[in-house]
Amino acid sequence: MRRRALLIGTAWTSAVGSALVWFKSVSGLPIDMTWPLGVIALGWALVLWYALAAAEAAAAESVRVIERETRSMIDALARVICLEVQRARSELILGDELLEQAIRQLMVAFESVRDVNGAVIAMQFRDVVGQKLGHVRGELDTLDQLMRRIGESGQENFAARVQELLQEMGHKKASNPAKQQLMHAGEVTLF
Amino acid sequence: MAKCILAVDDSPSIRSMVCFTLKSAGYEVIEAVDGVDALNKAKAKAMDLVLTDQNMPHMDGLGLVRALRQLPAYRSSPILILTTESGADMKSQGKAAGATGWLVKPFDPHRLIEVVQKLLG
Numbered sequence: 004m005r006r007r008a009l010l011i012g013t014a015w016t017s018a019v020g021s022a023l024v025w026f027k028s029v030s031g032l033p034i035d036m037t038w039p040l041g042v043i044a045l046g047w048a049l050v051l052w053y054a055l056a057a058a059e060a061a062a063a064e065s066v067r068v069i070e071r072e073t074r075s076m077i078d079a080l081a082r083v084i085c086l087e088v089q090r091a092r093s094e095l096i097l098g099d100e101l102l103e104q105a106i107r108q109l110m111v112a113f114e115s116v117r118d119v120n121g122a123v124i125a126m127q128f129r130d131v132v133g134q135k136l137g138h139v140r141g142e143l144d145t146l147d148q149l150m151r152r153i154g155e156s157g158q159e160n161f162a163a164r165v166q167e168l169l170q171e172m173g174h175k176k177a178s179n180p181a182k183q184q185l186m187h188a189g190e191v192t193l194f
Numbered sequence: 005m006a007k008c009i010l011a012v013d014d015s016p017s018i019r020s021m022v023c024f025t026l027k028s029a030g031y032e033v034i035e036a037v038d039g040v041d042a043l044n045k046a047k048a049k050a051m052d053l054v055l056t057d058q059n060m061p062h063m064d065g066l067g068l069v070r071a072l073r074q075l076p077a078y079r080s081s082p083i084l085i086l087t088t089e090s091g092a093d094m095k096s097q098g099k100a101a102g103a104t105g106w107l108v109k110p111f112d113p114h115r116l117i118e119v120v121q122k123l124l125g
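Listed in order, the protein sequences are those of chains A and B.
So the number in my numbering is just where the residue sits in the first sequence, counting from 1, plus 3.
So the number in my numbering is just where the residue sits in the second sequence, counting from 1, plus 4.
It is worth saying that the hints were derived from the structure and are not from the lab.
Glycine included, every Cβ here is placed at the ideal spot set by N, Cα and C.
All the given hints hold, so there is nothing to weed out.
Just some of the chain B residues that point at chain A, by a computed CB distance under 8 Å:
1) Ser17
2) Met21
3) Thr88
4) Gly105
5) Trp106
6) Val108
7) Lys109
8) Pro110
9) Phe111
10) Pro113
Input sequences plus hints: build the corresponding full structure.
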């Protein structure tokens, strides 16, 4: 593009210069250089304007291509993540059911347990784990929603839209209500 | 006459365990499934102590504490929050709402009875 512009500009200058030389040789009159220089400058201005417009169009097309490719990558990523989220949800449901069964069995065996204190602490396991599972389910739901909304976004301002959704997700992130990592009894604070 | 404790939790297993623990220590226990249920029961009968979970549907523990503190009968009653939440920020909120204490789950039955006995005399 730059070479083409340079060639056109040079050709234009040569053409005006040649016209001047021919005019002088034919008419023999002195030439006021103001208007030929103005014509040459105008020609160059037009060439430059054309070159800039072409460069802008090329840049815009590159951006569109990059956006399309990024969009396809993100769509593919979103599909994969959605599938993984579905699988993780099913695993969580199964885990929850197994836990429920285990607790039911534990409750039945409760009568024969010698360490009643220990048994009561252990049986609260269901509540603590249940809250952790609930928190994980919530996180998965947020991720699932984010992926779907990315998938539904139009081509226009795609990058800005993704940024917006990521920020929204950041604000929505709830704190984990059950941070316990061990099954020791929790602390007591009297105000 | 046995002191009456209101045990509030949306988890039936936690309510059973709290009930079992406190009844074994000689207390009368009334159960509620969430803050709204607890508030209604607290208005219907004077409770000596309220033990509530934090994360519940309809009205959470902090909401219940604030609502109870508005009632003349519960201005200075002991109200304990029994919850999985252990963060300092949540505890501050509990204290600001008017709770008497903050117990983190899983609770130790012996410790729970100790605390209740200390508060009820």
